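*Asks:* What follows is each chain in one-letter form.
2 protein chains.
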Amino acid sequence: MSVGIVETKFVHFDTELRLESGRILGPISIAYETYGELNADKSNAILVAHAWTGSAHLAGRHSEDDKKPGWWDEIVGPGRLLDTNRYFVICSNIIGSCYGSTGPTSINPKTGRRYNLTFPVITVRDMVRAQQLLIDFLGIRKLLAVMGGSMGGMQALEWSTCYPDRIASAIVLATSGRPSPMAIAMNAVARWAIFNDPSWKKGEYRKNPKDGLALARGIGHITFLSDLSMLEKFGRRFSARDGQFDFFGQFEVERYLSYNGYNFVDRFDANSFLYLAKALDLYDVSWGCESLHEAFAPVRSPLQFFAFTSDWLYPPYQTEEMVRVLEELGKPVEYHLIESNYGHDAFLLEHEAFAPNVKGFLEKVEKSSGFE
Amino acid sequence: MSVGIVETKFVHFDTELRLESGRILGPISIAYETYGELNADKSNAILVAHAWTGSAHLAGRHSEDDKKPGWWDEIVGPGRLLDTNRYFVICSNIIGSCYGSTGPTSINPKTGRRYNLTFPVITVRDMVRAQQLLIDFLGIRKLLAVMGGSMGGMQALEWSTCYPDRIASAIVLATSGRPSPMAIAMNAVARWAIFNDPSWKKGEYRKNPKDGLALARGIGHITFLSDLSMLEKFGRRFSARDGQFDFFGQFEVERYLSYNGYNFVDRFDANSFLYLAKALDLYDVSWGCESLHEAFAPVRSPLQFFAFTSDWLYPPYQTEEMVRVLEELGKPVEYHLIESNYGHDAFLLEHEAFAPNVKGFLEKVEKSSGFE
Numbered sequence: 001m002s003v004g005i006v007e008t009k010f011v012h013f014d015t016e017l018r019l020e021s022g023r024i025l026g027p028i029s030i031a032y033e034t035y036g037e038l039n040a041d042k043s044n045a046i047l048v049a050h051a052w053t054g055s056a057h058l059a060g061r062h063s064e065d066d067k068k069p070g071w072w073d074e075i076v077g078p079g080r081l082l083d084t085n086r087y088f089v090i091c092s093n094i095i096g097s098c099y100g101s102t103g104p105t106s107i108n109p110k111t112g113r114r115y116n117l118t119f120p121v122i123t124v125r126d127m128v129r130a131q132q133l134l135i136d137f138l139g140i141r142k143l144l145a146v147m148g149g150s151m152g153g154m155q156a157l158e159w160s161t162c163y164p165d166r167i168a169s170a171i172v173l174a175t176s177g178r179p180s181p182m183a184i185a186m187n188a189v190a191r192w193a194i195f196n197d198p199s200w201k202k203g204e205y206r207k208n209p210k211d212g213l214a215l216a217r218g219i220g221h222i223t224f225l226s227d228l229s230m231l232e233k234f235g236r237r238f239s240a241r242d243g244q245f246d247f248f249g250q251f252e253v254e255r256y257l258s259y260n261g262y263n264f265v266d267r268f269d270a271n272s273f274l275y276l277a278k279a280l281d282l283y284d285v286s287w288g289c290e291s292l293h294e295a296f297a298p299v300r301s302p303l304q305f306f307a308f309t310s311d312w313l314y315p316p317y318q319t320e321e322m323v324r325v326l327e328e329l330g331k332p333v334e335y336h337l338i339e340s341n342y343g344h345d346a347f348l349l350e351h352e353a354f355a356p357n358v359k360g361f362l363e364k365v366e367k368s369s370g371f372e
Numbered sequence: 001m002s003v004g005i006v007e008t009k010f011v012h013f014d015t016e017l018r019l020e021s022g023r024i025l026g027p028i029s030i031a032y033e034t035y036g037e038l039n040a041d042k043s044n045a046i047l048v049a050h051a052w053t054g055s056a057h058l059a060g061r062h063s064e065d066d067k068k069p070g071w072w073d074e075i076v077g078p079g080r081l082l083d084t085n086r087y088f089v090i091c092s093n094i095i096g097s098c099y100g101s102t103g104p105t106s107i108n109p110k111t112g113r114r115y116n117l118t119f120p121v122i123t124v125r126d127m128v129r130a131q132q133l134l135i136d137f138l139g140i141r142k143l144l145a146v147m148g149g150s151m152g153g154m155q156a157l158e159w160s161t162c163y164p165d166r167i168a169s170a171i172v173l174a175t176s177g178r179p180s181p182m183a184i185a186m187n188a189v190a191r192w193a194i195f196n197d198p199s200w201k202k203g204e205y206r207k208n209p210k211d212g213l214a215l216a217r218g219i220g221h222i223t224f225l226s227d228l229s230m231l232e233k234f235g236r237r238f239s240a241r242d243g244q245f246d247f248f249g250q251f252e253v254e255r256y257l258s259y260n261g262y263n264f265v266d267r268f269d270a271n272s273f274l275y276l277a278k279a280l281d282l283y284d285v286s287w288g289c290e291s292l293h294e295a296f297a298p299v300r301s302p303l304q305f306f307a308f309t310s311d312w313l314y315p316p317y318q319t320e321e322m323v324r325v326l327e328e329l330g331k332p333v334e335y336h337l338i339e340s341n342y343g344h345d346a347f348l349l350e351h352e353a354f355a356p357n358v359k360g361f362l363e364k365v366e367k368s369s370g371f372e
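Protein chains in written order, with the working numbering: chain A, 1 to 372; chain B, 1 to 372.
Worth flagging that the hints you see were computed from the coordinates, not collected in a lab.
Do not rely on the hints blindly, as some may be mistaken.
To be verified - Result set (BS3-like, lysine-lysine): computed pairs, CA atoms no more than 30 angstroms apart in a straight line:
{"id": "1", "chain 1": "B", "residue 1": "210", "chain 2": "A", "residue 2": "201"}
{"id": "2", "chain 1": "B", "residue 1": "202", "chain 2": "A", "residue 2": "207"}
{"id": "3", "chain 1": "A", "residue 1": "202", "chain 2": "B", "residue 2": "359"}
{"id": "4", "chain 1": "B", "residue 1": "9", "chain 2": "B", "residue 2": "233"}
{"id": "5", "chain 1": "B", "residue 1": "233", "chain 2": "B", "residue 2": "67"}
{"id": "6", "chain 1": "B", "residue 1": "202", "chain 2": "B", "residue 2": "110"}
{"id": "7", "chain 1": "A", "residue 1": "67", "chain 2": "A", "residue 2": "202"}
{"id": "8", "chain 1": "B", "residue 1": "110", "chain 2": "B", "residue 2": "207"}
{"id": "9", "chain 1": "B", "residue 1": "367", "chain 2": "B", "residue 2": "331"}
{"id": "10", "chain 1": "B", "residue 1": "201", "chain 2": "A", "residue 2": "207"}
{"id": "11", "chain 1": "B", "residue 1": "359", "chain 2": "B", "residue 2": "42"}
{"id": "12", "chain 1": "A", "residue 1": "201", "chain 2": "B", "residue 2": "202"}
{"id": "13", "chain 1": "B", "residue 1": "331", "chain 2": "A", "residue 2": "210"}
{"id": "14", "chain 1": "B", "residue 1": "110", "chain 2": "B", "residue 2": "68"}
{"id": "15", "chain 1": "B", "residue 1": "68", "chain 2": "B", "residue 2": "210"}
{"id": "16", "chain 1": "A", "residue 1": "331", "chain 2": "A", "residue 2": "142"}
{"id": "17", "chain 1": "B", "residue 1": "364", "chain 2": "B", "residue 2": "68"}
{"id": "18", "chain 1": "A", "residue 1": "9", "chain 2": "A", "residue 2": "207"}
{"id": "19", "chain 1": "B", "residue 1": "202", "chain 2": "B", "residue 2": "67"}
{"id": "20", "chain 1": "B", "residue 1": "202", "chain 2": "A", "residue 2": "202"}
{"id": "21", "chain 1": "A", "residue 1": "359", "chain 2": "A", "residue 2": "67"}
{"id": "22", "chain 1": "B", "residue 1": "110", "chain 2": "B", "residue 2": "201"}
{"id": "23", "chain 1": "B", "residue 1": "42", "chain 2": "A", "residue 2": "201"}
{"id": "24", "chain 1": "A", "residue 1": "331", "chain 2": "A", "residue 2": "364"}
{"id": "25", "chain 1": "A", "residue 1": "359", "chain 2": "A", "residue 2": "42"}
{"id": "26", "chain 1": "B", "residue 1": "202", "chain 2": "A", "residue 2": "210"}
{"id": "27", "chain 1": "A", "residue 1": "210", "chain 2": "B", "residue 2": "210"}
{"id": "28", "chain 1": "A", "residue 1": "67", "chain 2": "A", "residue 2": "110"}
{"id": "29", "chain 1": "A", "residue 1": "67", "chain 2": "A", "residue 2": "210"}
{"id": "30", "chain 1": "B", "residue 1": "207", "chain 2": "A", "residue 2": "202"}
{"id": "31", "chain 1": "B", "residue 1": "67", "chain 2": "A", "residue 2": "207"}
{"id": "32", "chain 1": "A", "residue 1": "42", "chain 2": "A", "residue 2": "364"}
{"id": "33", "chain 1": "B", "residue 1": "207", "chain 2": "A", "residue 2": "207"}
{"id": "34", "chain 1": "A", "residue 1": "210", "chain 2": "B", "residue 2": "67"}
{"id": "35", "chain 1": "A", "residue 1": "202", "chain 2": "B", "residue 2": "364"}
{"id": "36", "chain 1": "A", "residue 1": "201", "chain 2": "B", "residue 2": "367"}
As the list claims (entries may be wrong) - Taking CB as the label site, the calculated pair distances span:
{"id": "37", "chain 1": "B", "residue 1": "266", "chain 2": "A", "residue 2": "267", "range": "17 to 25 angstroms"}
{"id": "38", "chain 1": "B", "residue 1": "243", "chain 2": "A", "residue 2": "165", "range": "31 to 39 angstroms"}
{"id": "39", "chain 1": "A", "residue 1": "107", "chain 2": "B", "residue 2": "206", "range": "54 to 62 angstroms"}
This one's a predicted model, so the numbers in the text were calculated from it and none came from an experiment.
Idealized CB from N, CA, C, for every residue including glycine.
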């Protein structure tokens, strides 16, 4: 069942984070939600890390008349995969985002103005560094698991490699250890779409640059789908309300991209989109290392990986490369390739396919970590 | 060897074409080039059909100091695959383009002004209908072959299915009988990029809308490449002149897209780009038919198909579907799947891989058509 009505909490840290770029960011605010109860020895906490445009609002509703539940509601709640009768589930908004944690829309206390493009370029490692402040604040020494898909999976990888003694396991879905130039190219044209919008004003807009941001999001949607899922969803159908010989007539798939693109403008900030796209592209689990082997050498706890056959943004071979290296290093690793037509989005849609494996994995981790 | 110095010729038809849309277009100008000599019984003519942004300038150079030869120079000339000692090779600019044939940049004689968006939406079938005027003008009753890749292949398919008695064979490379919604989606966001550019002015610009058109072309380039070719060409390298933590810093692949995008603005018209993108998306070899079987029923001459393993724009399965139907109909068809990392661009780059097969195919066709 659902976790019911929840609220987003905020915590403020009067600290200065040293970022990968060498720049300093601080103070830091973090928006987060929690579900379930932390047990006495604080050993039942699972951190769920969100993707690019996600938020801390993982599950439940903010009010009775809230139209939609949190972004991964299906797997969080009493009796659900992340059973809140058993686990204390945490989700925090990443820095750089626009949903309550410090990002380009935040006021820079040193200037009294929005950061906008004075915000430093951040990496996934920086996001995890900020997440640690929250985990410390909650009094948790060791997370039972960090779980996430896409950019959320990258965060799980950073926890595994940079803070191996603070997690008992990681569950990584639809992720890349280092996105390919194809993925970078798609983000590059999305960025370009925003840069081209005169109302973006080098980030100094008052109102979101809607045409550029909508197009950028439309491009993103292509990468979340697959040839097969589009074929099933839209085929080659032309919009029923347009003529095929209308210059501005649209195919169904075209209308879908446009519709979802313009909806996005109401909910996400263009500068945040740009900073997070950059963090995705820069992501390299072997950042600062000579090799993947060196990067994964510090891993101490089991990793469970899921890849999805039709995911062309972060194709299975990229997960398999990491799994191979972890196996070569003798690390505890599990890998499941899920047959799915949903493309990259599969990690949000195929929970019934991966839930039994995650459940079994968590039970093993709990036993070995002495939680039961 | 090269065909040497060539020139583009122009022919003007005081005719009115009835288009698939039901609209009338005319008069029609066609730009074309020819190489080699038409033989006495006019049986040695090969029409090469160009792709999206190509031109009639297939081979040779326009002057001694011309920097680049025609777009498929490697396969046309004395002793080359399309041996001009043997064949009379024709290439004509498609209508809708901006390289001399009637298109949105042409002056509408009825108004004395550029067509711009008053130009009718055209289809590949319309392009071939216009090409026929040229073939008639050249006094050729039957082409020995029509050959083309991508949109050029679509034209070859139209010749095969709509004018079966006017060709002795067709050679079709990297083509789709009906592009998938994935291909349509990529063109859709390219169109959107131009629509977003305020200097496009609903097609009434004086100067090409450069930012929108460059981005549209950048998006196109992604579809021409492949995950593998980008990995080989760019890897994840960051531009040497940018810092990784510069907000506007670019990956190599990003710089490539930008560089090629802005170069394109000097050579191609934005409205033409839009009309031809639409023609690509609308293309359906079974247009007006109930099935692929019905569409291919009229075929009378052999078809040779090439698909390329890493082509994700028009993936091999789309060619294979056509081949299967032709086989089921008992039509003479040959299919070659070429292993290549170059993606859709492979058809322009892998001529050494397909040339021997094309050569053998043409020899067979010549024998059976009584040319020898």
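*Asks:* Measure nothing beyond the straight line between the CA atoms of residue 67 of chain A and residue 202 of chain A; if it is 30 angstroms or shorter, mark the hint as holding.
*Replies:* Distance ~34 angstroms between residue 67 of chain A and residue 202 of chain A Cα, so the pair is violated.
*Asks:* With the threshold set at 30 angstroms, check whether the alpha-carbon distance from residue 210 of chain A to residue 67 of chain B stays at or below it.
*Replies:* Outside the cut-off at roughly 42 angstroms; violated.
*Asks:* Verify the proposed pairing of residue 68 of chain B with residue 210 of chain B, using a straight-line Cα cut of 30 angstroms.
*Replies:* holds (23 angstroms)
*Asks:* Residue 110 of chain B and residue 207 of chain B: Cα distance at most 30 angstroms?
*Replies:* holds (23 angstroms)
*Asks:* Hint check: residue 67 of chain B vs residue 207 of chain A, CA-CA at most 30 angstroms. Holds or violated?
*Replies:* Distance ~47 angstroms between residue 67 of chain B and residue 207 of chain A Cα, so the pair is violated.
*Asks:* Verify the proposed pairing of residue 202 of chain B with residue 202 of chain A, using a straight-line Cα cut of 30 angstroms.
*Replies:* With a Cα-Cα distance of about 25 angstroms, the restraint between residue 202 of chain B and residue 202 of chain A holds, given a limit of 30 angstroms.
*Asks:* Need the status of pair residue 367 of chain B, residue 331 of chain B: alpha-carbon distance at most 30 angstroms?
*Replies:* holds (18 angstroms)
*Asks:* With the threshold set at 30 angstroms, check whether the alpha-carbon distance from residue 202 of chain B to residue 210 of chain A stays at or below it.
*Replies:* holds (18 angstroms)
*Asks:* Taking 30 angstroms as the top limit, are the C-alpha atoms of residue 364 of chain B and residue 68 of chain B close enough?
*Replies:* violated (33 angstroms)
*Asks:* Is residue 201 of chain A within 30 angstroms of residue 367 of chain B, Cα to Cα?
*Replies:* The given pair, whose Cα atoms are some 66 angstroms apart, is violated under the 30 angstroms limit.
*Asks:* Within a Cα-Cα threshold of 30 angstroms, do residue 202 of chain B and residue 207 of chain A meet the stated pairing?
*Replies:* Within the cut-off at roughly 24 angstroms; holds.
*Asks:* Take a quick look at whether residue 9 of chain B and residue 233 of chain B sit within 30 angstroms of each other, Cα to Cα.
*Replies:* At roughly 38 angstroms apart (the allowed maximum being 30 angstroms), residue 233 of chain B and residue 9 of chain B break the hint.
In summary, the numbered hints that this structure violates are 3, 4, 7, 13, 14, 17, 19, 23, 28, 31, 34, 35, 36, 37 and 39.
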